[in-house]
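The listed protein sequences correspond, in order, to chains A and B.
Residues in the first sequence are numbered from 18 upward in steps of one, following this note's numbering.
Residues in the second sequence are numbered from 96 upward in steps of one, following this note's numbering.
For the record, the hints were derived by calculation from the structure and aren't laboratory data.
Certain hints may be false.
[As the list claims (entries may be wrong)] Derived DSSO-like pairs (lysine-lysine); straight-line CA-CA distance at most 30 Å:
1) Lys551(A) to Lys522(A)
2) Lys308(B) to Lys237(A)
3) Lys62(A) to Lys436(B)
4) Lys304(B) to Lys237(A)
5) Lys854(A) to Lys806(A)
6) Lys425(B) to Lys462(B)
7) Lys310(B) to Lys237(A)
8) Lys57(A) to Lys204(B)
9) Lys232(B) to Lys121(A)
10) Lys370(B) to Lys425(B)
11) Lys414(B) to Lys431(B)
12) Lys782(A) to Lys806(A)
13) Lys431(B) to Lys307(A)
14) Lys343(B) to Lys510(B)
15) Lys425(B) to Lys57(A)
16) Lys507(B) to Lys308(B)
17) Lys396(B) to Lys423(B)
18) Lys423(B) to Lys438(B)
19) Lys310(B) to Lys510(B)
20) Lys431(B) to Lys370(B)
21) Lys396(B) to Lys462(B)
22) Lys510(B) to Lys436(B)
23) Lys438(B) to Lys489(B)
24) Lys307(A) to Lys343(B)
25) Lys510(B) to Lys370(B)
26) Lys431(B) to Lys237(A)
27) Lys232(B) to Lys61(A)
28) Lys237(A) to Lys343(B)
29) Lys489(B) to Lys237(A)
30) Lys61(A) to Lys204(B)
31) Lys503(B) to Lys308(B)
32) Lys307(A) to Lys510(B)
33) Lys307(A) to Lys226(A)
34) Lys237(A) to Lys232(B)
35) Lys232(B) to Lys62(A)
36) Lys376(B) to Lys308(B)
37) Lys510(B) to Lys431(B)
38) Lys376(B) to Lys237(A)
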Amino acid sequence: MSKPRGPTKPRGEYAELSAQLQGLCMTGKRSNIELRQAKKEAFKKVINYMTLGMDMAGLFPMMTSCANLSPDDVVLKKMLYLYITHYAASTPDLALLTINQLHKDCQDQDPTVRGLALRSLCSLRIPNLLEYVVTPVSAGLDDRHPYVRRTAVMGVLKIWHMSPDVVEAQGLLQHVQQLLGQDGDPQVAANCLTLLMQVQGVKRLASNKALMYSLINRIKEFSDWAQCQVLELVAHYTPGSDAEVYDLLNALEDRLGVNNSAVVLATIKVFLYMTLSMTATHQQVLERVKEQLKSLISREDPAAVYAVLCHARLLVARAPMIFEGDYMAFYCRSHDSWYVKQLKMEILTLLASASNVYDIVGELTEYTRDISADTARQAVKAVGRIALSVADVNGIVERLLLFLESGYDHIVAETLVQLKDLLRRYPDLGEVFSMGDIRPSGVADPEARAALVWILGHFGQHIDTAPYLLQPLVEAFGSEPQPVKLALLTAAAKLFFKKPGESRKLLGACLAGGLNDSDQDVHDRALLYYRLLKQDVSTAQLVIAGDPNEPQQAMPFFTDELPQEAQQAIFDEFNTLSVVYQQPASSFVQSAQYHAQHADEYDAPGGAAAADAPGSAGSSGAAAADGGDALLVDTSTNLLDSVQQQEANLLDLGDDEPSSASLAGGAAAAAPAAAAGLGGLLDDDGLGGLDSLMGGLGGLSGGSSSSNGPGQQQQQQQQQLQLSPGFKLMPGVFQERWRALAPAEQYVDSLNMATLAALAANDHKDFCGHVGQANVYTMACGGAAPMFKYYFYAQDGPSQCLFLVEMVVATASRHATVTIKSDAPQPLLAQFVAVWKTVLLGFYR
Amino acid sequence: MAHCCAAIYFMNIRGDILIERRYRDDVERDMAENFRTQILNSKGESASLQTPVRTLGSCTFMYLRHADLYILMVTRNNANVMMAFKFMTSLVDLLRSYFEGALNESSVKRNFVLIYELLDETMDYGFPQLTEPAALKSFILQKGVRSELDAASSTQQARNATLTVTGAVSWRRPGLKYSSNEVFLDIVEEVNLLLSSTGAVLRNDVAGKVLMKCKLSDMPELRLGLNEALEDVTFHQCVNLGAYEQSKVVTFIPPDGEFELMRYRTSEGINVPFKVIPVVKELGRTRLEANVSVRSLFGAKMFALNTVVLVPVPDYTAKCNIVVTSGKAKYDATKKAIVWKIKRFSGACEHNLRAEVSMVSTTKERKPWPRPPISMSFQVPMFSASGLRVMYLKITERRQGPAYSVEKWVRKVCKSGDFQVRI
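Just need the whole structure built from these sequences, with the hints factored in.
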């Protein structure tokens with residue numbers, strides 16, 4: 018027979034077992050009971066070695082004959098079949114030998130044995146043996162015992178995965194379809210449903226209204242797991258009318274009160290999907306399911322809470338207003354695992370708003386005392402992110418500055434990273450606060466050190482000691498990690514433009530260090546700076562530090578959250594792993610795999626949505642490409658919106674975002690020449706991005722405007738839009754001008770539900786306040802569903818040109834119609850439209 | 096689609112495979128080995144930072160830890176993650192019920208054949224089938240042996256049992272007989288409290304469970320009346336939810352043996368069992384003074400068991416002089432706290448702790464002490480923090496009528512969940 022192959026298998030034990038089994042094939046002098054017991058022990062050993070990963074396939078004949086000699090011992094049979102199904106795929110010839118016995122057992126009197134044999138038969142998974150499997154399965158579907166029937170139904174599914182044609186040819190599907198309608202046993206019906214959902218696709222099955230209603234009517238008979246299947250089906254049903262939706266919701270409402278959290282979440286999915294087109298009802302549903310989510314969070318096991326929180330995070334991101342008042346439910350408990358705490362803090366960040374922000378920040382401050390440094394850092398990060406998202410930022414900044422004095426390295430480090438982002442958002446803050454006496458050489462964390470270096474460089478004019486603080490780092494340039502080196506180069510260059518006398522040596526040392534560096538990025542940047550400076554210092558300044566006569570540009574917003582399209586794609590896959598990964602299934606499920614025949618409609622929406630949204634596909638794809646753990650890497654740091662980067666100074670890109678992935682991403686977006694598409698973006702590790710960046714710069718110095726970025730910049734120099742702060746317009750004048758001017762720009766935007774709710778919140782004042790930050794002021798706002806109306810105005814300072822904006826939001830179709838009128842020339846108008854769209858984008862949820 | 100997994104593994108704490116059950120072909124044993132080498136045994140910062148869902152390549156691992164075991168589900172699809180975790184917890188409950196509570200590495204090793212049998216029945220081709228302990232126990236027998244002396248009769252019984260496995264009342268089999276009918280009902284509540292340093296209530300809620308143990312013959316119907324209508328409550332599948340919606344009476348035909356009837360949560364009208372008033376003062380760089388008074392707010396006839404108060408002190412504590420009015424208190428360096436234990440804390444009385452803590456003086460600049468919260472754990476029998484009471488428990492059996500007599504036992508216990516006071 019076949020020789021033992023496993024390298025790890027201990028020869029002695031295998032031989033011993035083999036002999037033992039051979040002996041047991043003969044009755045000998047032992048009593049029946051002794052023999053059974055001995056066989057059982059031997060079988061146990063075999064299964065045990067099998068579990069340990071040793072190759073026991075060689076014992077096949079002995080095992081089979083041993084068991085066949087004691088045909089009435091069910092446990093022995095079970096062990097044998099477990100053994101057979103385990104090795105069948107690797108030894109198909111031997112499996113053939115057992116077919117007879119399995120066939121015989123399929124006719125056994127005992128339904129348990131019939132079911133067992135049938136299940137084992139279908140689990141052999143050897144295509145050549147299919148012909149032997151089909152007949153018993155077909156007979157099993159008509160068995161008088163439900164246990165056998167439900168096993169047979171799953172058998173059909175197993176056959177279908179191996180060969181759909183056989184199932185087709187034998188008419189097994191029709192048979193199952195009949196069973197689903199007629200069988201009185203709920204588990205049989207449930208398995209039929211499972212099978213058909215796999216084979217025919219959920220969407221198609223859900224269009225069978227009669228079937229679905231009959232399942233809903235008997236849902237209470239089903240086991241919890243089967244209920245999940247039924248609910249999954251219902252979630253894909255498209256109701257004919259609003260009345261039908263209410264009927265369905267009423268019929269299923271009690272499912273929200275079931276102990277099994279899987280059923281509860283499946284029901285929540287039904288409720289959300291059913292009411293998608295009914296805005297008001299959808300809000301009510303969210304209010305309703307919110308309670309269920311809160312209670313699941315408070316009492317399930319940590320792992321299950323994790324899954325629930327992932328779903329809560331998705332819903333909160335979609336509709337923060339609904340959850341705004343319930344922020345206490347997401348407070349961490351001291352016994353929570355770190356991953357639960359992390360998710361809760363993410364959710365707290367999402368739902369922070371004007372009404373609750375101080376409570377939340379106060380609570381997060383408590384978490385910074387957590388024993389785990391990771392949790393404490395996470396808390397600081399959450400505070401920083403909240404500061405970026407709410408309107409009234411000063412109190413939070415004070416809190417962050419307090420963290421700097423906490424004395425704990427990890428807290429100081431994270432605070433620096435957050436302050437850097439905050440300063441990019443509100444450059445004016447740079448004048449207000451001092452960084453105290455923190456020395457970059459005392460900050461251990463590389464990311465934080467790079468952040469502090471950036472701050473010192475960028476705001477060097479306010480920090481007298483900046484060059485001296487950087488000095489020790491420059492002296493040890495070679496031993497710094499790469500992100501710090503890059504930051505040092507840029508900071509030294511910026512300081513040089515601001516304080517040439519003090520910083521000359523610093524820059525020299527940096528460039529020297531950089532040019533000798535083995536890291537390609539560092540070397541290239543040093544070389545670039547060196548040549549720029551050699552060419553013309555004022556041009557170099559324009560490129561590296563921006564125009565000193567212009568006010569500093571603020572990052573209007575950071576997109577930490579998922580882009581809307583990606584979020585929608587994930588929502589379409591509610592109650593699956595997608596929600597945990599925050600990726601559509603298409604990005605982590607291999608399509609070309611063993612059951613490629615899946616006509617799975619699940620993948621379709623995700624794939625389509627991802628294709629619609631190159632931005633989201635870019636970020637998610639980048640993470641997915643690394644495979645494995647990369648899926649779980651916090652992508653938020655890389656999600657800097659490329660649009661923003663395009664507007665920003667070209668060279669600031671690199672030092673703003675030290676991570677090479679986003680460097681590549683940003684650069685590729687800025688220089689359209691490098692729009693090599695997704696594939697290119699993924700393949701290059703920052704090198705290609707920098708190359709293209711250099712290419713773009715070459716264009717700039719040569720004075721050509723072949724690429725968009727430099728062209729735009731030049732235009733801005735000619736005629737820069739500057740909206741007058743605090744500008745006031747009398748209503749009469751507004752009306753007169755509005756009538757006199759023709760529409761200069763008109764477009765329609767579609768909004769999501771959360772944005773709609775956010776618009777109307779606080780009597781529209783939040784939105785108007787947000788727009789006001791960009792020096793666009795409100796003439797009138799208001800209205801209730803189904804129509805909101807807003808009128809805004811703004812004035813360009815230098816040219817005194819007026820911009821008038823009308824925005825009409827239809828809540829039913831969720832469309833915003835924007836009309837802009839102006840007496841400004843085309844270049845200014847285009848700039849205003851860009852500003853306006855950015856402002857709106859910053860408000861969209 | 097919605098299948099949960101392609102394979103289930105049981106591993107010990109080192110990641111050795113104890114049980115392997117593959118339901119589909121698309122995962123290899125190697126995946127489980129990878130899980131061990133790359134996730135469980137990975138060193139460094141990631142070791143402590145492991146989420147319950149991980150990936151390697153396109154393979155997803157969902158796992159949870161129970162005692163010294165890992166239970167792991169592997170899939171390559173976009174699985175229903177909630178169902179997967181719930182299935183694993185149901186599996187744990189099922190096995191615990193088979194092993195009478197002790198599910199750990201050694202019980203898994205002892206009973207691996209039984210576990211394989213159960214895995215066969217609870218899941219088919221990655222789809223959960225049946226996880227009800229009562230129904231499974233009727234045909235998969237405890238010891239995995241049924242071929243001994245009473246082979247004939249037990250086989251017969253098992254055959255009958257299979258019939259009920261997929262019946263309409265899947266959680267109970269007919270024809271049960273007990274010489275005396277008994278039913279035990281336990282209300283177990285966990286009270287969570289978080290007070291700010293100013294005494295403001297930041298969080299206060301109660302999570303409760305009603306646990307039952309039924310030793311009842313035939314097919315009894317139970318009606319449980321509660322004093323208040325609970326807001327946030329979920330029930331075991333045996334409960335008639337329609338009847339509860341209408342009349343607020345919990346009506347059900349119970350499974351045999353132990354089960355969890357319902358869970359509830361409330362955050363209103365809570366009776367907090369203890370009041371804690373801490374005063375912790377840092378006197379200079381090397382001295383700290385703590386005064387903690389704990390007052391029991393329940394009736395004088397009741398008492399709390401195993402009360403433990405943890406009063407945190409700075410890392411570099413050298414010595415503690417502690418005076419308490421009851422129980423024992425001492426400084427525990429590993430917990431960085433003064434541990435104050437009171438075995439039996441009577442109702443309506445107050446106990447105090449007064450501690451003078453001296454710290455090691457160093458020349459090095461010291462980080463400020465983060466002042467972690469005081470936490471407390473306790474058990475108060477017969478106390479209900481939510482105010483929930485059993486008004487009545489009526490048991491009727493249709494065929495036996497008035498002849499059906501039952502002994503009923505009702506207990507209550509209130510435990511501490513997250514009970515903390517910030518200082």
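Q.
Of all the hints numbered above, which does this structure not satisfy? Sort the numbers upward.
A. Checked against the structure, the hints that fail are numbers 3, 13, 15, 21, 23, 26, 36, 38, while the rest are satisfied.
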